[in-house]
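Letter by letter, the chains look like this.
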Amino acid sequence: MRSPSNRGLRLIVLALACLAAPVFAEDGKGEPFVVVINEANPAKSMGERSIAEVFLSRHVAWANHEPITVVLQENDKALHEAFCAAVLGLTPEQLDARFLQARYKGAASVAVQRVKNDAAARAFVVANPGAIAYLRPGPVAPPLKTVFSKEKEAPGGGGSGGSAR
Amino acid sequence: MRALFVVALLTARLALAQAPPATGGADSPLFSDTARGPSADATAAPADPLSELTLDLGAFGDVNGALELSPTTRPSFGLGIFDLFFTSQAPHGFSFLGELAIEANPENGVELDLERLQATWRLDERLSISLGRMQQSLGYYNTAYHAAAFLMTACDRPLIVAFADQGGVLPVHMVGVEVAGEVRPGPLTVGYALDLANGRGADVEEVLNTFDTNGAKSANLLVYLALESLGLRVGGNALFDFIPADTVVGAERPALNEQIFGGHLLFERRQFTLLGEGYLVRQWTQDVPQSTIVGAFVETSLQLGLARPFLRGELLTASGAQSLFIDSIATGESTLRGLAGVRLDLARRTALKLQLDARHHTVAGLTLSARVQLAFAF
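Which chain is which? The protein sequence lines are W and R, in order.
Going by my numbering, the first sequence opens with residue 1, and the numbers climb by one from there.
Going by my numbering, the second sequence opens with residue 166, and the numbers climb by one from there.
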């Protein structure tokens, strides 16, 4: 017969295993996406780290001194989660908390624009030379340009990762 | 001395200005340190200096219900803190911040506190200088969450970082100057904050807002290292102060030396967060033996959809001689506290928290309580 303490220990081990699974799961699985900017922006390509620095407010202006505005598609949950996980290593809630914390600290921060869908994101970047947005993959034509592309994970988890174009 | 300080600042600015800017891996720099203001646009109308100023208003609030399992206390509803903060970005790297906390007090009244009033000049992420009343850069919790219940996972602050009017032992606010920044050699982030302030007043709840009552300034240095790819941050801080004597009749006390050493660890990866902090507070003079207060907490949580279950363990203990300054804990006393609860993000910027609190005090014994909190931000 199992003692209550043994049962408690097994429960604790099970809980810890449940905790560990998502913590050490591979980042970046999920929807493919592209990152676009306005063609007036002098940046030609961007790596994941540069994009993360933008969305985490490490920089507030592009090289041409244009203020940065990041465009979020929170309505498209799968896309938003995939972008947050793959590029920022965060959950959407953690990203929102980071924006709120930066604002609370009074730190210099990028402007944030929340839009309903891909079309609205494209329209915003076209109208705002300092904007940067992530979109579902599709044709990107001037005055937009793609600076980063995250392709779909291959079945079995051997994802092809991201690339700057 | 003043000239030396000015020369040091100018040297730092020149050195940082000559360092290569962040490129983000591209051939040419992707970013600049300053954003173009409206008047810098060649097509814009003649510059109006006020048009370059922004004003952003934000607020945090929380309302609570508490039930203590004790015959002497009644179930109660209560207000938390209504925190209003104003920020403004001005040209040339300047920014301003004001924060007012409207707080319910133990006398069933409401009081207004000026939490922060600061002006900051920022070169870039590597260097910023702030002047005014600020949050002391102690560990992680104090500056990351401070009075914003919505940002906290649990309903309230850990005992060791509690506000002074709630029995806290650390100087969580300060009036002075702070030099802070972050540098990123490779994947590592090295952050620092150096606070030079008026320091403690004669009373533990007193913040020296208008003038210092002794010549000595408090000095606090926080340094941390972060590996963002792992979601890991480790840091430590050391604070040195000289607490003025208390001359109030009946409460006389000599001046005291104070040292505070702290360490913190934050592991935040995907949905999982683990935060631990510990502090050692020592006070003494030549004639008064040393008192020591040790406080620590570990908080862990896991985001599961809208729910974030959390656990927190805390310890606060006093040893050595009785502190002549901090009266919320007597020497030989200790408090062990365990929290378990869940935070539910009901909607954007609206969180409902349910928390069970078990507290064991060496004199008061065990107390159990439950708390529900609705925290919000807008």
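Since the hints were made in silico from the structure, they are not lab data.
Keep in mind that a hint or two might mislead.
Sample of chain R residues at the chain W side, in silico, Cβ under 10 angstroms [as the list claims (entries may be wrong)]:
{"id": "1", "residue": "F405"}
{"id": "2", "residue": "T457"}
{"id": "3", "residue": "Q468"}
{"id": "4", "residue": "D510"}
For glycine and all other residues, C-beta sits at the position ideal for the given N, C-alpha and C.
Structure-based check of all given hints:
1. F405: 25 angstroms, violated
2. T457: 32 angstroms, violated
3. Q468: With Cβ-Cβ at 6 angstroms, under 10 angstroms, it holds.
4. D510: 6 angstroms, holds
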